[in-house]
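Participant: Here is what each chain is made of, one letter per residue.
2 protein chains.
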Amino acid sequence: MMQLQVLLVAGTHGNEINGIWLFDEWNKSSFLINTHGVKTFKVIGNPEAKKAGKRYIDHDLNRSFQKDSFLSVNSSSFEGKRASELVDLYGETGENPCQIALDFHTTTASMGSCLVVYGRRDADLALASLIQNKLGLPIYLHESDQKQTGFLVESWPCGLVVEIGPIGQGLLNSRIISQTKLILETLMEQIHQVNNLNLFFPDNLIIHRHIKSIDFPRDEEGNIDGYVHSSRQSMNWQELKKNDELFSKLNGEIIRFEEDQPYIPVFINEAAYVEKNIAMSFTKKELWNLKKEWKQSLIDLIHQK
Amino acid sequence: MMQLQVLLVAGTHGNEINGIWLFDEWNKSSFLINTHGVKTFKVIGNPEAKKAGKRYIDHDLNRSFQKDSFLSVNSSSFEGKRASELVDLYGETGENPCQIALDFHTTTASMGSCLVVYGRRDADLALASLIQNKLGLPIYLHESDQKQTGFLVESWPCGLVVEIGPIGQGLLNSRIISQTKLILETLMEQIHQVNNLNLFFPDNLIIHRHIKSIDFPRDEEGNIDGYVHSSRQSMNWQELKKNDELFSKLNGEIIRFEEDQPYIPVFINEAAYVEKNIAMSFTKKELWNLKKEWKQSLIDLIHQK
Chain L
53 MMQLQVLLVA GTHGNEINGI WLFDEWNKSS FLINTHGVKT FKVIGNPEAK KAGKRYIDHD
113 LNRSFQKDSF LSVNSSSFEG KRASELVDLY GETGENPCQI ALDFHTTTAS MGSCLVVYGR
173 RDADLALASL IQNKLGLPIY LHESDQKQTG FLVESWPCGL VVEIGPIGQG LLNSRIISQT
233 KLILETLMEQ IHQVNNLNLF FPDNLIIHRH IKSIDFPRDE EGNIDGYVHS SRQSMNWQEL
293 KKNDELFSKL NGEIIRFEED QPYIPVFINE AAYVEKNIAM SFTKKELWNL KKEWKQSLID
353 LIHQK
Chain V
53 MMQLQVLLVA GTHGNEINGI WLFDEWNKSS FLINTHGVKT FKVIGNPEAK KAGKRYIDHD
113 LNRSFQKDSF LSVNSSSFEG KRASELVDLY GETGENPCQI ALDFHTTTAS MGSCLVVYGR
173 RDADLALASL IQNKLGLPIY LHESDQKQTG FLVESWPCGL VVEIGPIGQG LLNSRIISQT
233 KLILETLMEQ IHQVNNLNLF FPDNLIIHRH IKSIDFPRDE EGNIDGYVHS SRQSMNWQEL
293 KKNDELFSKL NGEIIRFEED QPYIPVFINE AAYVEKNIAM SFTKKELWNL KKEWKQSLID
353 LIHQK
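Which chain is which? The protein sequence lines are L and V, in order. All you need for the numbering used here is the position in the first sequence, starting with 1, plus 52. All you need for the numbering used here is the position in the second sequence, starting with 1, plus 52.
Please note that a few of the clues may not be correct.
Since copy identity is lost for identical chains, a pair holds within one copy or between any two.
[Unchecked claim] Result set (SDA-like, lysine to any residue): computed pairs, CA atoms no more than 25 Å apart in a straight line:
1. 336 / 96
2. 199 / 145
3. 80 / 264
4. 233 / 281
5. 301 / 290
6. 103 / 338
7. 264 / 77
8. 106 / 329
9. 233 / 286
10. 94 / 201
11. 343 / 226
Rather than coming from a laboratory, the hints here were simulated on the basis of the structure.
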C-alpha cells in the first residue's frame, strides 16, 4: 500500500495570492497547519504569472488540463507546459504521486467561502460532504459547461477547488488568509479521519448545481452595455425569481430575469470572468442523499485498495 | 472673453471603467447630467488600455504629464504620446482650450468618495472647498512626493481628481456609477455658480495633507513579507496612533506604528499601488481657513480675467 499523498496548490491564478501567502507562512512555521501525518506537497500553480502579477501568461492555467491535449497545440503555451509539468511531478503516476489535489482560489465576487467540484466524481462528492458537514460551506457543482473545461483538479483522482471572496486581484487580506487556513486544516483533518477509517459522513449534502452562465448585455458591436442591477450586486447564493431585476442597461432599460423557475446566481462580477463573457452563473440548490459508493470511492482511493 | 470649457476625463486608468460608463450613458441621454450651460468635453483618458483591460500599456498615464518631458524620453512611450495629445487637444492653449480638468478614478481601497488635489494651487483649493461644502467629501492634498509626479490635472490651470472605492479593477458597479454622477453634477453646478458669480464659499476646508507613503514589509530579497493587519484593513480615514497594529508579517510578528504623532492612512490596499511599493499613504487632517486669493483665482480663471 502506497502512502497517501496530497497535492496543495495555490496561485493557479497568479493574481490570487492569499493561498501562496499561507503556504509561505507554513513553510516558515512548520506547525502552523496540522496535516495529521498526511504527506503533502505545496506548490505555486503558476509562479511566472505570480511574478508578473497577472492571472496567467498565455492562457488560463485552470483551463489547461485538457486530457487529450498535453501533446497537442496546448502544450506549446506557457500554461500548457506548466499543466504537463504539474501532472508529471504530482499526478497519480508522477514522480511524487498524489491521490488528492486541493486547489486554493480567490474571487472578486462576494461569495464568502465555498467548495467547487467538477462533474460528479464519487470521491469528490464524498470529500466535499465531509467539509460541508464540518463548516457548512456551499458546494458548487460545475458540470455540463463545454466552454469551461480543463480544470486542474480533474487531472487527479480526487480534487476540490476552494473559492473565497471578495478580494481584489493581487491583494492580501487577513480574513481571506484565515478562511483559507481554516478550510485547509479541515480538509487535512477529514482526510486523516478517512485514512484512519474514523468515518462520520453526513446523510445528505446540499449541492448548488451549475445550470448555465450568462453574459452581460451587449450592443450590436459586442460591447458590454449593461451592468449588474444594484439589487442583485453581491447577492450571490440568493434566489433570483421571475421579474427580479438583473441588469441596468446603458439606455436606462432594466433587464429582468424572465424564466419561470428560480435560479441561484454565483460568481456575480468575478473580474476574471468578464473576458470569458460570464456576468454570473446560475445554479439550482438541491439536497442529495449521500451514496454509499461515494464514501467507498474516497475510502478506496485513500487506502489504495 | 473666451467661453468657459471643462475637460472631463474617465478611464485615465484603463481598468477604472465606471466613469467611462457614465459618459456613455450621458452620450445616449444628453439630459442625464445638467452642465448648466457650461461647455464640456468628455474623453476616455487611455482608450487603448481600456480595450486591453489594463491600467496602462507602457506606463501609468496619470504619471506621464511631466512638464519638461513631452519632447524627451517619455514621449516615446504610448502614454507619453497620449499625454501630449490630450494637452494638444484640450490644454489651455490647445485646439479646444479647457480651463478646468476633472479626472474620474476608482480605487480598490475602501475610501468611499474623495477629492484629490495636487499641490496647493489656489483655484484647485477653492473648487474643492465648494464640493466639500456641498457633499462633505474629504480632500486629499497630495504634495511633497517626488516619486509620484506627472498627474494629468496638473497640466490644466485648475483640476481635481475624484476617487471612489472600493471597486475591483475592470468591474462596473451601480453604486460607484451613482456616486460618480453625483459628484460630477455637483462639480458642474458649482462651476456654474462661480461662472454666474453666485458665490457661496465656505469659511474653512478640511484637508488631509499627504505626509508620506509607506511600503509593505519586505524580506532581504525584496519580496513582500507582511500584509495590512486585520485591525487596519479598510480603515481609511481612521486615525493611526502609536502602537496601533499596522502589518502582520510572515513570521508571525506584528509591526506596529511607532511614531509619536498620529497619522490618518488612505489608499490602504490599492491594488495598483503594490507595484509602486505603496501599502498605504499617511496624511494629517487639518482645518484651513479659505483664503480670499483662492476664491479670486478660481473666479479669474473661470472669467478669464
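Participant: A separate judgement is required for each hint: does it hold in the structure or not?
Facilitator: Results for each hint:
no.	hint	result
1	336 / 96	neither (33 Å within a copy, 40 Å between copies)
2	199 / 145	neither (28 Å within a copy, 52 Å between copies)
3	80 / 264	neither (42 Å within a copy, 31 Å between copies)
4	233 / 281	between (33 Å within a copy, 16 Å between copies)
5	301 / 290	within (22 Å within a copy, 37 Å between copies)
6	103 / 338	neither (40 Å within a copy, 40 Å between copies)
7	264 / 77	neither (38 Å within a copy, 29 Å between copies)
8	106 / 329	both (19 Å within a copy, 17 Å between copies)
9	233 / 286	both (24 Å within a copy, 21 Å between copies)
10	94 / 201	within (24 Å within a copy, 42 Å between copies)
11	343 / 226	neither (37 Å within a copy, 44 Å between copies)
The structure fails to meet hints 1, 2, 3, 6, 7, 11 from the earlier list, while all remaining hints are met.
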